[in-house]
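Protein chains in written order, with our numbering: chain A, 3 to 308; chain B, 318 to 686; chain C, 197 to 369; chain D, 70 to 252; chain E, 2 to 607.
Please keep in mind that the hints were generated in silico from the structure rather than gathered at the bench.
Here the structure is a predicted model, which is why all the values come from computation and not from measurement.
Among the clues, some could well be false.
Claimed, not checked - Computed Cβ-Cβ distance ranges for the label pairs, DEER-style:
(1) B:Ile402 to D:Lys216: 40 to 48 Å
(2) A:Pro179 to E:Asp554: 51 to 59 Å
(3) E:Asp554 to C:Asp284: 14 to 22 Å
(4) A:Met253 to E:Thr506: 52 to 60 Å
(5) A:Val20 to E:Lys519: 52 to 60 Å
(6) D:Glu82 to E:Thr506: 25 to 33 Å
Stated by the list, open to error - Below 27 Å or equal to it, Euclidean Cα-Cα: the simulated DSSO-like pairs (lysine-lysine) are:
(7) E:Lys519 to B:Lys348
(8) E:Lys519 to D:Lys224
(9) D:Lys213 to C:Lys349
(10) D:Lys235 to D:Lys83
(11) B:Lys475 to B:Lys596
(12) B:Lys349 to E:Lys555
All C-beta atoms in this analysis are idealised placements derived from N, C-alpha and C, irrespective of residue type, glycine included.
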Amino acid sequence: MNVMSFVYGFLVLLGVFVFQTTLTGLNRKVTARLQKRYGARWYQQFLDIFKALRKDSTSHGWVFDFGVIMALGGIMATVIFIPVAGFEAFPGLDNIFVISYLLAVGMLGMAMSAAGSGNPWASIGVARALTNMLAYDVPLMIVIFTLIFAFDSSSLSEIAALQQGMGILGWNAFRMPLGGIVAVIALLGMLGKKPFDSFIAPTEIASGPMVEYGGKHLGFMFILHEFMTFIEVSIILSLFFGGGATIWEYMLKYAVLYTFMNIISGVMPRFKIDQAVKYFYRVPLAMAIVQGLVVIFTGLGVTLWF
Amino acid sequence: MNEVKLFLGPQHPGMHGNYSVHMYVDGDIIKKARPTPGFLHRGFEKLMERRYWMGNLALIPRICVPEPDTNEMVYAMGVEALANIEIPEKAHWIRMLVLEMARVAIHLMSLGSIGGPTGLYTATYWAIAQRDLLLDLFEELCGARIYHMYIVPGGVRKDLPEGFTDKVLAMMDELDEKIPEYEDLILKHPVIHARTKDNILLPAEVVWELGVTGIGMRSAVGKEYDLRKVKPYAYYDKVDFEVPTATYSDALTRLNLKVRELYQSMRIIRQVIDKMPSKGAVNVPVSTGSALRWTVPAGMVYSAVESSRGEYGYFIVSDGKEMPYRIAVRGASYPQGLLGIEKYLKGHRIDDASLWMDSMGVCTPEIDR
Amino acid sequence: MNSMNNTINEIKAALKPLKMETPAFRQIAVVVKPDTVHNALSYLKQKGFTQLSIVTCVDWIKESEFELVYILFSWTEGIHIQLRARIDRDKPVMVTATDIFPGAQYYEREVHEFFGVEFTGNEDAAKPLFLEIWDDLPPLRKDFDPQAYSDSKFPMRERGNEFVSEIGGHDDE
Amino acid sequence: MVLDEKDNRNVWEKIGDYFSANSIWMKWYCTGCGAIELPPTMTSRYDMERLGMGPMATPRQADVLLITGYLSTKTLRRVIYSYEQMNSPRFIVAFGSCTINGGIYYDSYATIGRLDKYLPVDLYIAGCMPRPEVVMNGFNELIKMIKKGQAKGWKHYQENYEWYKKNQLDSLGEVIIKDEFHE
Amino acid sequence: MNLTIILAVTVVLAVVSFFITRLNKKAGGFLTVIASLFAFVGLFLLKGSIGGEFSIFYFSFKITMVGWYFALIMVLAYSMTSFFNPFWMDKMMYPGSYNFMYLLSMAGTIGMFFAKDFITLFIFWETVVWSSTFIIQLGKSRKASYVYYVVSAIGSMATLFAIMMAYSVSGTFVISEAFAGLSGGAAIAVFFTFILSGLAKIGIFPFHVWLPAAHGNAPHTFSPVLSGGLVKMGAFIAFLSVTAFPAYEIFSGMFKVMGTPFPIYFLMALGAISIIVGTLMAIKQEDAKKLLAYSSVANGGYILIGILMLDQVGFAGGMMHLVNHAVASAAAFLAIAAVAYRTGTTKMSEMGGMIHRMPVTYIVYLVAIISMAGIPPMGGFVSKWLIFQGLADKGMLFLAAAAFFGSIGSFMYVFRPLSAVFLGQTFTRDLKKKEVGFFMMLPMLILTALSILAGVFPNTILRVITEIQASVGISPVTLAENTIVTVNGYLDAFRVFIVFGFGFTIAFVIFIVRRKSKKVELMDTYTSAEFIHTRELLHYSSKFYAPFERLYDKAPDTMKLYKKIAVKIGELGNLTESLFYGHKPEKTVFWVMITGIFVVIIGGVV
């Protein structure tokens, strides 16, 4: 740990922000095409974020501000830990449990700040968001657990590296197909894409946790959302789609995976929150457990199929 | 137990129009709901007493924003009944054409707006753009997209433009292609099923208690209770159409009926174009008096037509002068929009509050007037 | 039109109306005394006029009377009925119809708000519905002048103290 | 008036105004019948998102308040409350002739006459009701105004707060909030 | 320092405080603070004399590393909580006996952990059970103490039975030797009966019912002790059952699940069930203390699983979770007690927005729940991380699934009081309330600091655990300078903390650079543009997770099941009673005779 690590960390943050925000902008265009229209400019997402940061804001007390800072801080720390194509600012700390629990710092900060606004819609939104998390995380964690068991490692970069060099069939998504499907479904839930977006449903709870944010707080939320998206997609990408040997491969795969998520969510209405829980605890959970048992007892998938 | 007071509207994405429902919520169940109308109250009934019979033509479409033609038809029918005049045959056909086109437009819009409460925005984008193409036809017909002021007492304002019917038929052909697409996207979507099936029930007793009409009534009662059938106006007795019904009314059934009515409306439009005489007058002068200041014989009459949400009625009182003495408006969604919310929104979840408004077809401007 | 005639005759026999007419196609107007309105409504409901379309009121200021209008509809026969009754304008009181037609509740509230008619038995009727902080006569009465009210409450802005930008315009003051 | 006022913004404000102009979030509030033309403007036919505009759920998030037509007094109370919750810079675009002089409802007891007596309107879009093309044009106009720093309604509102408050109080009466404020 | 002195002083001070409280309530309360702090310091200094053995009267003691570790945790909870005692004396019905029992039970726990033989252990154990039973009934409900006592008694009796059975084989009560020579079915019977009291104490399903009843209804000042301290006595029993009773060796010939002998796996499964049950029940509680009680059930599951694994990583996790949970849970209960001190209630729906009145208490609670939910950079994260690594290493899929469920579910339930009690709208009634005084704040702040330290420098605690691991003969967890190394990965908690601080700093800088935001009142919030006046109506607190709760509200409730059984037993008793003490006993006698004769005849024929 030296000064360079922090400089690298900062550069990673900057790069991730530019990359993910551009991608979000492009995906707004993709969604627009799905809806038979032109859609926003590709750099619209940047404009939105900077505009929000530019505006005046309202604060509902110190926890409202503190939560936002804590959320963004926690998420940015998590981003620094994410290995991108083998590069890590702080080598060796890309433990999957560390990442997924550091992610929770951000969530908690956001939840705290939202509930601190004193708005009931926000509290309902937070309650839904936490429930949603319980829904998608259990199947996903079981699959990740299986991976850790299979490869004796809980490091993202190591698991990603293990899948490379064997072509497409070396990816865990193909070695453990059930687990791969679960991961993709869970990714939809993690990203808060439809049909699992009931916690920000504007027509039900007026955008939920975001209700009271304006100005720089809202800008923070947008930046946070970009970072969070990056973390979530990256986790799945590294664990199931082999990460990337080079940065370009990584970005390309990332873009494809993220766009795919967006296209699915473009033609989906949203589940009610209890329906989402029921859904996750029916099909994906069963699939995850079956996959886990197969890997633990037969070892199929640890080695290549062919 | 600590109840929370939540407001659905007036400024809430889940509320179409400007209306408010005060909900007392325990957990996520609505324990008490109070409708709060009046945000769109403009005092129409008072204003109409202060305008000439002709001048009111400008006011009446604005009572119900999404469906103005129904208002024009009701007003025209009422005045004609008071003045006791018969209008030319072709005017009847044109009126039916316009009314059914309007019905197609509003059904498309409400089919698309199911995307709001359920989050299927793609449906909204598609359906409303499709409706917009239909509005272009209206624009060609009368020069306005929304407020047409086309159906006037004594007939319609002027004859159809050249080649209009062909364009309408072409549009119907296009819709024939497009609506199955929307059905695939909306009605067959498993998540939409999860949201709407067995949800937001409307039993027949409630229909009779509240006085709900339209799709809500027919989906629960299972009879063809449609004013176009029960008490035909214009030439609805001369065309062949079915009124789709059901006996179990949940949100999905009502959505289904909407689409089936859409097909029936298109069927009527084709028949109307087929049967419409190509020549003939389209209007007659209403009554004596100068061109703009007619007088209408004294009397009281109630006229009603079937709008997309049910019985739409005007009670018109004339004292023989140049202005109406009193006009009372029965908005089609009045029963479900006020008493329905108060009595039957409770017990639902807040997730469904917006869907409730949408599925019951609550149109706020016609309640507020 | 046979069923129509039958209905007319039956109603005539049962309600003994003051006046009866058919103002339009398949529509019957029945004028009764105010104290028989309640009975008439329950009679008509069991006759098949199960739907209350609207309850409204007409202000006959010259006669100093309010005329309450109940519009009923029978889905089986397709007939509209106007049931009308005149009450005193200075002390307008009417028995509520909510026990027969629950749907009448909000119509009565509306009539109370716009005309000041009181409905005994409908407690909610006195609450404001469409109007908020209303401080004048009930607005649909004929002696209420909306123009004057509007002029006094919402005067047009005097030119001069402008705090607004108008696009494409230029300021000559 | 504003048009020939000197442009005394510094560089940062100019950059900020550039962002503000190109990303305008409107508040999801259908105050009147003009709102019926907003869905077409938003959806695939006219696609408002091209301009960087989109609907937002709550006043805190939004930049522009669209007054889509006539305002009844009951609505205006809410609109004012809601406007004051918005964060500056905030803009008001008023639709239709009703907001200019009361329009067709000039003699109604329930609707107000001229809107800019109560709230600072940045831009009027005339018509009854304005067509989507006109609305889009109006938004383009608004974008130009913001870029040039001419949409200063919110500043006027701050500077002349008493004047606006007095007008609001005269016409709307005092809003005393009690538990069941009008149910 | 000598253990004899510590025990003697505590017991004497217990008696003294009883009489002093009669004279001056506050003074009696302060005496408990002094006594428990004395015990804490004394115990801390005791580390030097580890390995010593001695006896007082008939009790024989041995100062072991693990006993020291447990006793320190326990007395930490006691001493921190005792700071609250002086302020609650006025609200107690019998303050004298409360203070007496408080110190007596503390003395009991100390003695228990250092016991050399089972008789000593059992006597001190019973001292704790009895004294705490009497304290619990000083709280809200008498019934709670019945439940507590019945469950404890079942456990105690079973354990006594197990000890006697073991004695009959080995002929000694000394802990390290008593179980030698057991095998086969007897071993299983002894194992299960012995650990029963541990299970009961730690609140493992199906004995978890006493925790919410007792924690929820005990005096606010005793709940932290119950949850932070007394529950850990069960962990001690569990520890004994895998070390003193070498379960892995004795059962090594048995059917194995994922490399673990079946009886142990069965207990672990019970631990997993408690995690799930505890989580689900905690989510739907309306009372903050009951919620925390159920969270103790869930965390007890983690501890049990960890300790029973008895390996390099998982065991260390379990042992460390003891400290982390004790600290966090005590802090959380103290925070709730502080709120209750000001508002007089622990019902979550009856308060809100306390953050604006009690910010320090809020921070304390926040840190506590972050630790409890296992989020970095607090202590709970490290211990949960170790347990996960241990499970992943062994491939225990179902246990891991339960652990994940509990871990994510804990976000839900810990957030609940945070949102309902501290955030949201302040109730009109509470607008004038103040923060608690410094003396009450002090223990909360100390516990908070401990939580953070445990998360940033976990190795301080883990070093002690490595010694324990060495003492029971398993390979200790590998520790580098700041790093914990396991088979599957390694964790540098300090670096995680630093990077977190880095991210936080960047965010803070961006926030500060931007224009200062306008402070508005809490009621000036988005209400769909409608007006609202009542604060209470704008606070969403009750049935927080209603849609989720509805998914399992039909599930059977263990407590109800027990109640039903109790009713049935009562009915049976009534039946018997009515038979023999009814109006016509001779009839009963007649029928009994007939039946008897019938049975004899049948028996003869067969």
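How the hints compare with the structure:
1. B:Ile402 to D:Lys216: 40 to 48 Å: violated, 58 Å
2. A:Pro179 to E:Asp554: 51 to 59 Å: violated, 36 Å
3. E:Asp554 to C:Asp284: 14 to 22 Å: Violated - the Cβ-Cβ distance for aspartate 554 (chain E) and aspartate 284 (chain C), about 58 Å, lies outside 14 to 22 Å.
4. A:Met253 to E:Thr506: 52 to 60 Å: violated, 28 Å
5. A:Val20 to E:Lys519: 52 to 60 Å: violated, 31 Å
6. D:Glu82 to E:Thr506: 25 to 33 Å: holds, 28 Å
7. E:Lys519 to B:Lys348: It is violated: about 36 Å lies between the C-alpha atoms, which goes past 27 Å.
8. E:Lys519 to D:Lys224: holds, 16 Å
9. D:Lys213 to C:Lys349: With Cα atoms ~36 Å apart, lysine 213 (chain D) and lysine 349 (chain C) exceed 27 Å; violated.
10. D:Lys235 to D:Lys83: Cα-Cα ~33 Å, so violated.
11. B:Lys475 to B:Lys596: The hint holds at about 12 Å.
12. B:Lys349 to E:Lys555: holds, 25 Å
In this structure, the hints that do not hold are numbers 1, 2, 3, 4, 5, 7, 9, 10, in rising order.
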